[in-house]
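Chain C is already provided as a structure; the job is to place chain E on it using the hints.
Heads up: the protein sequence lines correspond to chains C and E, in order. Mapping to the numbering used here: the first sequence position 89 is 89, numbers consecutive. Count along the second sequence from 1, then add 171; that gives the number in the numbering used here.
Calculated directly from the structure, the hints in this document are not laboratory data. Note that the coordinates shown come from a computational prediction; the quantities given were computed from them, not determined experimentally. For every residue, glycine included, the Cβ atom is placed at its ideal position computed from N, Cα and C. Check each hint, because a few of them may be wrong.
[Said to hold, decoys possible] What follows is a set of in silico ranges between Cβ atoms, one per label pair, in the way DEER data are often shown:
#, chain 1, residue 1, chain 2, residue 2, range
1, C, N129, E, K487, 30 to 36 angstroms
2, C, E61, E, P594, 42 to 48 angstroms
3, E, E320, C, D169, 33 to 39 angstroms
4, C, N138, E, D179, 50 to 56 angstroms
5, E, I239, C, N129, 15 to 21 angstroms
6, E, R577, C, D110, 39 to 45 angstroms
7, E, G512, C, A113, 37 to 43 angstroms
8, E, G512, C, E140, 46 to 52 angstroms
9, E, D426, C, R38, 40 to 46 angstroms
10, C, E61, E, G467, 55 to 61 angstroms
11, E, E597, C, E140, 39 to 45 angstroms
12, E, R601, C, E117, 28 to 34 angstroms
13, C, P144, E, A394, 42 to 48 angstroms
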Amino acid sequence: MTPSSRATLSRRRFLTLSGQGALLAGGLALGAGSLWPRWALADPDLAAGLLRLGRDIYPHEAIADRYYLEPLRPLLDGDRALIADGLADLDRRARAAHGVRYGELPREADRVALLREIEDGDFFQRVRNTLVVGLYDNPELWEPHFGYEGASWQQGGYLHRGFDDLVIDWL
Amino acid sequence: MTTRFEHDDDGVVVIIGSGAGGGTLAHALARKGIKSVVLEAGKRYQMNDIENDEWEMFRKISWLDERITAGPRQLTETFPNLPAWIVKGVGGSTIHWAGVSLRFQPHEFRLHSEVGDIPGANLLDWPISYEELEPYYVRAERHMGVTGESTGMPYHRWNNNFKVLAAGAERVGYTQLRAGPMAINTQEYDDRGRCMHAGFCMQGCRFGAKWSTMYTDIPRAEATGLCEVRPRAMALTIEHDADGRATGVVYADGDGNRHRQRARAVCVAGNSIESPRLLLNSHSSLFPDGLANSSGQVGRNYMTHATSCIFGVMPKPVHMHRGTTFAGIISDEARLDRSRGFVGGYTLEVMSLGVPFFAKFMDPTHAGWGRDITSALDKYDHLSGVWICGEDLPVERNGITLHDTRRDQHGLPVPIVYKGDHPNDEKLRRHGEQQARRCYEAAGAERIFHVPDFPTSHNVGTNRMSARPADGVVNRFGQTHDIDNLFVSDGSQFTSSGAENPTLTIVALALRQADHIAERMQRREL
Chain C
1 MTPSSRATLS RRRFLTLSGQ GALLAGGLAL GAGSLWPRWA LADPDLAAGL LRLGRDIYPH
61 EAIADRYYLE PLRPLLDGDR ALIADGLADL DRRARAAHGV RYGELPREAD RVALLREIED
121 GDFFQRVRNT LVVGLYDNPE LWEPHFGYEG ASWQQGGYLH RGFDDLVIDW L
Chain E
172 MTTRFEHDDD GVVVIIGSGA GGGTLAHALA RKGIKSVVLE AGKRYQMNDI ENDEWEMFRK
232 ISWLDERITA GPRQLTETFP NLPAWIVKGV GGSTIHWAGV SLRFQPHEFR LHSEVGDIPG
292 ANLLDWPISY EELEPYYVRA ERHMGVTGES TGMPYHRWNN NFKVLAAGAE RVGYTQLRAG
352 PMAINTQEYD DRGRCMHAGF CMQGCRFGAK WSTMYTDIPR AEATGLCEVR PRAMALTIEH
412 DADGRATGVV YADGDGNRHR QRARAVCVAG NSIESPRLLL NSHSSLFPDG LANSSGQVGR
472 NYMTHATSCI FGVMPKPVHM HRGTTFAGII SDEARLDRSR GFVGGYTLEV MSLGVPFFAK
532 FMDPTHAGWG RDITSALDKY DHLSGVWICG EDLPVERNGI TLHDTRRDQH GLPVPIVYKG
592 DHPNDEKLRR HGEQQARRCY EAAGAERIFH VPDFPTSHNV GTNRMSARPA DGVVNRFGQT
652 HDIDNLFVSD GSQFTSSGAE NPTLTIVALA LRQADHIAER MQRREL
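If we strip away everything but chain C, and leave its shape as in the complex, we get:
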């Protein structure tokens, strides 16, 4: 193991622990609010709904709230009605099935089942398509969370940095 991959692992473990600490069962910990961007604090209801939805679509416990919230923010400017209506619809569905709002459903499986019902709709796909780029195209997350090193030409590629360093010792 190289020193850099060791650092990656320990960083990842740290993120895992701190990320889990920020979540309570199914709902969102208000304690994590201090890490939210200002716009989300100003609009907590929509932000919390979007965040819960984003985390159910692409669940990574170790990734902090702001990495979900920041890419979703433009939706509240450009598609506010679609988002507000979509979240209200989800709440209605959750109340009808379970008597509580979508974000208050403690079991992930119950939330996912509701989302499967609406996954073909514009609201859901708009959020999903925004997040699939916004979350995974964030270089801050690449190496710490995924072990993806991003641009390499500035370092002369991987010719001398491990393009063929794998030893298959598990077979």
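Just chain E now, kept in the frame of chain C:
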């Protein structure tokens, strides 16, 4: 020195497109003293425009003009306006291609003779043989800098991704495992440096180690003083005279102004969607169904390769993103062997995607979200992937047509790109997926999954070559059967798809066509 030709100079060959076909042709013609004007719809990029960033380069260089994906295939749902992943820029899709440079196999030029009629397939032999093309393969390999015998350049060292696939493939019994041939330098060649194993081959090679007309043929053709490249010049129609000879090309420049460039001959090399689209859009009273379309085959027989992707999660980090994107090839299944239940073969090509594209492509259907997706992404650095590149049978219905009402920014009908599987394609794909899974199982994968088709970069067949004018659009030299001085110079000439990536064959055909055009000009036939 920038050469400029007059719009009414009828001594120039007008070449539409600057990629593997058009760029190669312009350079080869210039070497023979033949003048050309290259009309390229896209911009000109510099080396420092090339970044190691998947989305940034996708937005920068892709052909994103409106197209309509159609046909009974998943892509119609998942990428309704992006059937193909190709480039709009000087250099065309040679900026994006991954460098795999396999020759077609001899039997693939005569698949129809080998297997006979297949219901639902519009099979036809090429009007040229492997033996005729072989010297041009050698020339193309030297021209592009393909690792292997023709250049003497060694193959690449195996990267981690290929080591994993190969470990499984050897246990499955495969023996034809190679990290080449690739048009990616393993040592300095042709005034270009060696590969640094940066990854990001498909975002453009920042080091210029991978052959691309962007920084080889195009600037070299221009340096002769015999070639003028006009970027942001979108060809709209090809014009002809009363005798049915091509006289020039009407195009829109970057500001939308229209011009007419007169021509001695016209060579169409806009890739397999734009090339037939241009011929169809050039219909006239003399040619009501489009230029060179007396056979009715313009736009038909669209082939993309029968493809699929399999990824495995390995017990330890692989770092597949390090090294060339398509780093190794397994050719054992490329043979023709009907005992497998299908005709044609396939190559297995190890491949990688970065996190941004892997997340996008892993399952782009509406249902592609949740823990199935994220649990694979959480193991991103443990992944290894393989792409299946299989013979795709020509089906007449698969093809490019023009939309009745939708128009693009130039007022041209938007192309509809229709494609469905022939049953043979499905059988081949299933076999390939099963074999790829066996490889990863044998390599000790903890989880193996399938990634559906993404927009295709291999687009061929829509102006196919044929011996008889009734069967296809162009003859053995890419000259249209109907119009003496009109040529097709890209992959749309392909009569069949083969099991190999198309670029090397496009370049070999372009070099051969340049010889042919020069000879005919010398004989004053053109």
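Consistency of the hints with the structure:
1. N129/C to K487/E: 30 to 36 angstroms: At 33 angstroms between Cβs, range holds.
2. E61/C to P594/E: 42 to 48 angstroms: With Cβ atoms ~45 angstroms apart, the hint holds.
3. E320/E to D169/C: 33 to 39 angstroms: About 34 angstroms separates the Cβ atoms of E320/E and D169/C, which means 33 to 39 angstroms holds.
4. N138/C to D179/E: 50 to 56 angstroms: Given a distance of about 54 angstroms, which is inside 50 to 56 angstroms, the answer is holds.
5. I239/E to N129/C: 15 to 21 angstroms: Holds: the Cβ-Cβ distance is about 19 angstroms, inside 15 to 21 angstroms.
6. R577/E to D110/C: 39 to 45 angstroms: holds (43 angstroms)
7. G512/E to A113/C: 37 to 43 angstroms: Once the Cβ atoms are compared, 40 angstroms apart, the range 37 to 43 angstroms for A113/C and G512/E holds.
8. G512/E to E140/C: 46 to 52 angstroms: Check passed, 49 angstroms falls within 46 to 52 angstroms.
9. D426/E to R38/C: 40 to 46 angstroms: holds (43 angstroms)
10. E61/C to G467/E: 55 to 61 angstroms: holds (59 angstroms)
11. E597/E to E140/C: 39 to 45 angstroms: Hint holds: Cβ distance 42 angstroms, inside 39 to 45 angstroms.
12. R601/E to E117/C: 28 to 34 angstroms: 32 angstroms Cβ-Cβ, so the 28 to 34 angstroms window holds.
13. P144/C to A394/E: 42 to 48 angstroms: holds (47 angstroms)
Checked against the numbered hints above, the structure violates none of them.
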